[in-house]
Amino acid sequence: MEIKLDHLVKVYDKNTPREVCAVRDISLEIPSKGIFGIIGKSGAGKSTLVRLVSLLERPDSGEVIYGEQRVDNLSEGELILRRRRLGMIFQNFNLFSSRTAGQNIAYPLEICSVPKTIIHKRVEELLSLVGLSDRADAAISTLSGGQKQRIAIARALANNPDILFCDEATSALDPQTTHSILDLIRTIQREMNLTVVMITHQMEVVRDACSSVAVLNEGQVVEQGSVEDIFLHPSTEITREFLSNLTQPVPVHTPKEDMVRWSTHGGKYTLRFNGSLTDEPVLSQLARNFSIEFNIRAGGIQNLSDHKVGTLVTDITGDDAEVRRAIAYLRSTGIIVEYDGVEE
Amino acid sequence: MIAVNKLLLLVSVATWQTIIMVLLSTVFSILLGLPLGILLCISNPDTGIHPRPVLNQVLTRIVNALRSFPFIILMILLFPLSRILIGTSIGTAATIVPLSIAAAPFVARIIESALKEVDPGVVQAARSMGSSIMQIIVKVLIPEALPSLADGITLTIINLIGYSAMAGAIGGGGLGDLAIRYGYQRFRPDVMAAAVIVILVLVEAIQFAGTTISARLMGRR
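So the protein lines, in turn, are chains D and S. For the first sequence, position 205 matches number 205 in my numbering, and the numbering has no gaps at all. For my numbering, add 344 to where a residue sits in the second sequence, where the first one is 1.
Simulated from the structure, these hints should not be mistaken for lab results. For clarity, every value in this text was computed on a predicted model and none was experimentally measured. Backbone N, C-alpha and C fix where the C-beta goes; we use that ideal spot for every residue, glycine too. Where hints are given, some of them may not hold.
[To be verified] Subject to a maximum C-alpha distance of 25 Å in a straight line, what follows is the list of computed DSS-like cross-link-like pairs (lysine-lysine): (1) D:K148 / S:K460; (2) S:K483 / D:K116; (3) S:K350 / D:K148.
[To be verified] One-sided excerpt, in silico: chain S residues whose CB lies under 8 Å from chain D: (4) N408; (5) I417; (6) S475; (7) A553; (8) R564; (9) R565.
[Claimed, not checked] From the derived model, a few chain S residues whose C-beta atoms are all more than 12 Å from chain D: (10) V371; (11) L376; (12) L421; (13) S457; (14) D463; (15) G465; (16) V467; (17) S476; (18) I480; (19) V484; (20) M536; (21) E548; (22) T556.
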């Protein structure tokens, strides 16, 4: 199900001193059957945007369109019916503590008056899909964070939704659990042919799970494109900030670190290699063909969901003209060269 | 010996009257207070379930006004209503009317605050799955708030025991009536003491039962 957002605006506490424009003029096209990331810092308008897209709130102006159907102007009754074909998971899981794990998954079926025997069968299927068949009767408080999110995913999928919204779904989880939850979401997306919208403030999540991404800042989309493009050509300060958090070399001892840094200072040039370029002997050719000094300060490879991006932080010194020629050569091979964080 | 027998008879009849009064007025006050409490909760713009700010303000004012009304005065004002409904304004049955009405706004507040304690995220999840307002109330809010609701109802029953004793002063039945007519007006400290002890025991027993039920409900989570 393709989702189209057309000039969405949402203002809270209108005409009062507390007036906040949470979403100002957002237009987006979220392609069908993929994982689309929406990244932004807290206060960027992510939560409001997801509430508008998931039909929990109505925009002040603009349109939300699912496929061919405009949905933001549906009546209350129609909205309830449409929401039953949406799945949503949350940062804090939001499971019902008065119900067991299995009963939580049964809830969306119960409210659609599905017969008990069918509910029972479906709950078992879903429990095994998320790998928790043995925890059907477990009280929610006895589950770990990762298990809670798995139950929440099973609950979100109970009614065979066409869209799954993940609102900071991994923000309360440790890196390892985040990884396994993202794996699960990717598998489900493929198997059920879902359109997944993932709202997050973590670039790792975008890198590991999404195919396209929109960057949100102050209630507006400042940048959007395929994850590969955004990683290679970040065009706004805010995106670069997200990326630098990702490649930040401190603390050096973390085993799962993306970047390895040899020296704590230096590194005027950042070279970014994508895909097959990571295998080319570009640097040795560079050293052979140009009379420059080459000093590697840090380097690493980031695994995106389906390909790799290599990053090298270096100093290139020597005759100015020679350095310029060397850079031009690097660019001609398809490598992206940034000087002091700016792609010239 | 005869005196002791008579005392026992008096106290047991009065205890029975108190239990009936409190039980029935608890039921009626919940019948009146529960819908009001639910309405107060869901119409509140903060909960976002069914925001109706004006209705919410009006109900809040009414509940506040009724709650701040001194019980004795409310009871006197409600004598005519008792006469219409029960046929008299004196005795156990007649007291149930003002007791229920006096406790209803209290129950409404207790239910409102118990329901408001339910995690807004959980309510949002229920909405996102396409729950109707009725489904949110019946399948989410009430089950999620059950332990607090049990605590609140315990508190209501204990309050009603206190109110019912007060009602004895102006013609209600039960232990309060016994304590005032025999213990106070006829100078029988033994009757007074017996009535007070029974009330204390009742309150303790109900508090214990309420706490146990609430803990059981919590323990299953």
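Next item on the list: Please flag the earlier hints that this structure goes against, numbers listed from lowest up.
Entry: 3, 4, 5, 7, 14, 15, 16, 17, 18, 19
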